[in-house]
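K.L.:
Per our numbering, the very first residue in the sequence shown carries number 36; after that it's consecutive.
Keep in mind that the hints were calculated from the coordinates and are not lab data. Careful: at least some of the hints might be erroneous.
To be verified - With a Cα cut of at most 27 Å, we get these calculated DSSO-like pairs of lysine-lysine: (1) Lys261 / Lys161; (2) Lys68 / Lys119; (3) Lys161 / Lys68; (4) Lys142 / Lys161; (5) Lys261 / Lys61; (6) Lys119 / Lys233.
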Amino acid sequence: MPEKLSRITPPPAILEESAKSSMAEKVLLILEKIAQSDSPLTLETISTSTGLAKPTAFRLLNTLVTQGFIERDPNGRRFQPSSKLRIMGINILSVDSIRSQRVAVMKRLVEEIGETCNFNILDGNKVMYLDRVETSAPIRLHIDLGMRVPLHCTASGKLFLSRMTELQVRRSLGAEPFERYTDRTIIDYETLLPELEKIRIDGYAIDDSAYLDGFIGIAVPVVNSKNKTFATITAHGPTPRMQVNSIRFYIEPLERAARDIQNTLSESSN
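Model the full structure from these sequences, guided by the hints.
P.N.:
Encoded structure:
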């Protein structure tokens, strides 16, 4: 008669460790889906896209909300990244090994075009200046790192807006009229929305004295592996000096620098 096999139960410590590992994977999966989305996600969408049962997804989402990593949108039915999660992303982009490569690219760019360049990210409903390399030219725009500027009247801001749906744009900017900074500031949706459509087609955005009188800004997107814009590279300079050259003089070096920065991030993740 064959010998009866007995079931071997792993020690409690191993079972507990396995459960923690599984739970961590599920949490990271949810965070990844929310962070990669262009708009807040419903429980239904998160459950379907992650393959998690609704009760499990709901429980983990509530935990993430309680811990401050995600937040509910104003209607309370969708989930989106919180400021805490955005700050974590900013800190990752600021790691010395990553930042040094990015700044090296920007220094080459400044030498080529002769104007100050910035690396900017979207921070809530503002643009944040994360890195900056100054030109040696006598007249230049001084902006502190970490400074946050409006979306509707800056080159980077309009570029980020152009990647959004109209509903997302209206949620980000709120009611019109928008704040006016100069005589050239766009203050209503009727004027802004067609300009955003042009930016989508052109692939770059321009601010001609709309935020600071007498200065021009030109921004191009920095995209990730999924072609999502997560940052911009912007050249800034006084109007008389930048108008001497054509827009293409700046666009091609800016786009090349944006690709180089994306390559450094891809190499760092391997």
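K.L.:
Now look at each hint and say whether the structure bears it out.
P.N.:
Okay, the hints, checked on the actual structure:
1. Lys261 / Lys161: 23 Å, holds
2. Lys68 / Lys119: 16 Å, holds
3. Lys161 / Lys68: 23 Å, holds
4. Lys142 / Lys161: Roughly 25 Å separates the two Cα atoms, so the pair holds.
5. Lys261 / Lys61: 22 Å, holds
6. Lys119 / Lys233: 33 Å, violated
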